[in-house]
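When you get a sec, could you build the whole thing from the sequences and use the hints?
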Amino acid sequence: MKFFIVCSRFLCPRAGLFQCSITGLVFSMEGEAEVLYSTVPWDRRLLSQNGKRPAGPLFKFTCLMGSVCQLHLPHCEIHSEGGCDFLSVAHVTDDDGMEFLLPHETRETHVILNITQFSKYGITKDKEAPVSPIRALVLLFYQLPDDNNKSTLNVLLLPRNVDIDEVCKTRRTRNGDREIYIEKNSNCRLTRDQEYTLSTDLTDEHHIDPKKAEFVDYDSYTNYMPTFQLCLKTVVEEVNLLLKEHEGPENERVWDRLVSLPGN
Numbered sequence: 001m002k003f004f005i006v007c008s009r010f011l012c013p014r015a016g017l018f019q020c021s022i023t024g025l026v027f028s029m030e031g032e033a034e035v036l037y038s039t040v041p042w043d044r045r046l047l048s049q050n051g052k053r054p055a056g057p058l059f060k061f062t063c064l065m066g067s068v069c070q071l072h073l074p075h076c077e078i079h080s081e082g083g084c085d086f087l088s089v090a091h092v093t094d095d096d097g098m099e100f101l102l103p104h105e106t107r108e109t110h111v112i113l114n115i116t117q118f119s120k121y122g123i124t125k126d127k128e129a130p131v132s133p134i135r136a137l138v139l140l141f142y143q144l145p146d147d148n149n150k151s152t153l154n155v156l157l158l159p160r161n162v163d164i165d166e167v168c169k170t171r172r173t174r175n176g177d178r179e180i181y182i183e184k185n186s187n188c189r190l191t192r193d194q195e196y197t198l199s200t201d202l203t204d205e206h207h208i209d210p211k212k213a214e215f216v217d218y219d220s221y222t223n224y225m226p227t228f229q230l231c232l233k234t235v236v237e238e239v240n241l242l243l244k245e246h247e248g249p250e251n252e253r254v255w256d257r258l259v260s261l262p263g264n
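Just so you know, our numbering puts 249 at position 249 of the sequence shown, and the rest follows in order with no gaps.
No lab work stands behind these hints: they were computed from the structure. Because the structure is a prediction, the values reported are computed rather than measured. Don't take each hint at face value.
[Claimed, not checked] Each computed DSBU-like pair below joins lysine-lysine, with the alpha-carbon atoms no more than 30 Å apart:
id, residue 1, residue 2
1, K212, K150
2, K212, K127
3, K120, K150
4, K233, K212
[Said to hold, decoys possible] For each label pair, taking beta carbons as the anchor points, the in silico distance ranges come out as:
id, residue 1, residue 2, range
5, S260, M65, 44 to 50 Å
6, N148, G66, 54 to 60 Å
7, L36, R107, 39 to 45 Å
8, K169, G82, 21 to 27 Å
9, T93, S21, 53 to 59 Å
10, S21, L46, 42 to 48 Å
11, L17, P262, 35 to 41 Å
12, N148, Q70, 51 to 57 Å
13, E238, P41, 33 to 39 Å
14, I182, N148, 33 to 39 Å
15, E81, E179, 48 to 54 Å
16, E32, S119, 17 to 23 Å
17, S260, Q70, 28 to 34 Å
Where is the CB? At the ideal position from N, CA and C, for every residue including glycine.
The following block contains the structure:
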């Protein structure tokens, strides 16, 4: 699988806390600094050997100037569900060795790590941790109608702490201008290995594939393939999408939105 690297540059004018609006990363800097950072692939084999799995992107940092004292990595656990108790931070060294560090503090949205130098850091979770809901996203990418008025709405179920900018750039590299990102309120709660179904109020010809799908959160930090595809055979201006747990309570909705579809 091809992995697309999106590199960001952060300029810190003074000491203090600074947050990246794209990744959610927070830097606690001791003074003026310049940092380069990007997401890189996890070594799943090495993680598995240590009883861990990804719980966030793996970030590679290079400090061009200045120094950092703390790094705040965004997580997607829900405090009240107990998932934060099973988090650690993987530190990947320049020789690709890996050690697991306990956070200095875990807050509602971030894991805080005291560091003295930059390399590669990412949040991991114990493989045997109890299953619990996490904060997640439903992202929509629409493939415009072709000459026969057929179009496809790709529905991606992803953990909340993915880099949305990277997701969009990866999809754009893969599919070009024929696919458009539709920005909606995407927040929801999803549970790992739980099966979900997608439905719609459409009466015109359409097809949803697959009928049901599992949410596999640890596959989602390098794999931005659709969980569901809504295939439309006629021109549709808007559609109401409903995401539910498979065989869950009839009136319990995980995510429900009215989505306007752009024309040609």
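Hints, verified against the model:
For the proposed pair K212 and K150, the alpha carbon gap of about 22 Å is at most 30 Å, so the pair holds. This hinted pair checks out: K212 and K127 have alpha carbons roughly 24 Å apart, not beyond 30 Å. Note on K120 and K150: the hinted pairing is violated, with a Cα-Cα distance of about 44 Å set against a maximum of 30 Å. The suggested pairing of K233 with K212 holds, with an alpha-carbon distance near 21 Å, which does not exceed 30 Å.
In this structure the supplied range 44 to 50 Å holds for S260 paired with M65, their Cβ-Cβ distance being about 45 Å. Taking 54 to 60 Å as the suggested C-beta distance range, the pair N148 and G66 conforms, at roughly 57 Å. The hinted range of 39 to 45 Å is not satisfied by L36 and R107, whose Cβ atoms lie roughly 26 Å apart. Evaluation of the 21 to 27 Å hint for K169 and G82 yields a failure: the beta carbon distance comes to about 34 Å.
Between T93 and S21 the Cβ separation comes to about 29 Å, which falls outside the hinted range of 53 to 59 Å. Look at S21 against L46: about 31 Å separates their beta carbons, and that is not inside 42 to 48 Å. Range check, L17 to P262: about 38 Å between beta-carbon atoms, so the 35 to 41 Å window is met. Between N148 and Q70 the Cβ separation comes to about 55 Å, which falls inside the hinted range of 51 to 57 Å.
A hinted range of 33 to 39 Å holds for the C-beta pair E238 and P41, which are about 38 Å apart. Distance hint for I182 and N148: a CB-CB separation of about 22 Å, inconsistent with the stated range 33 to 39 Å. Between E81 and E179, the C-beta spacing of about 34 Å breaks the proposed range 48 to 54 Å. Taking the beta carbon of each, E32 and S119 are about 21 Å apart, inside 17 to 23 Å as hinted.
Take S260 and Q70: their Cβ atoms lie about 42 Å apart, and the range 28 to 34 Å is violated.
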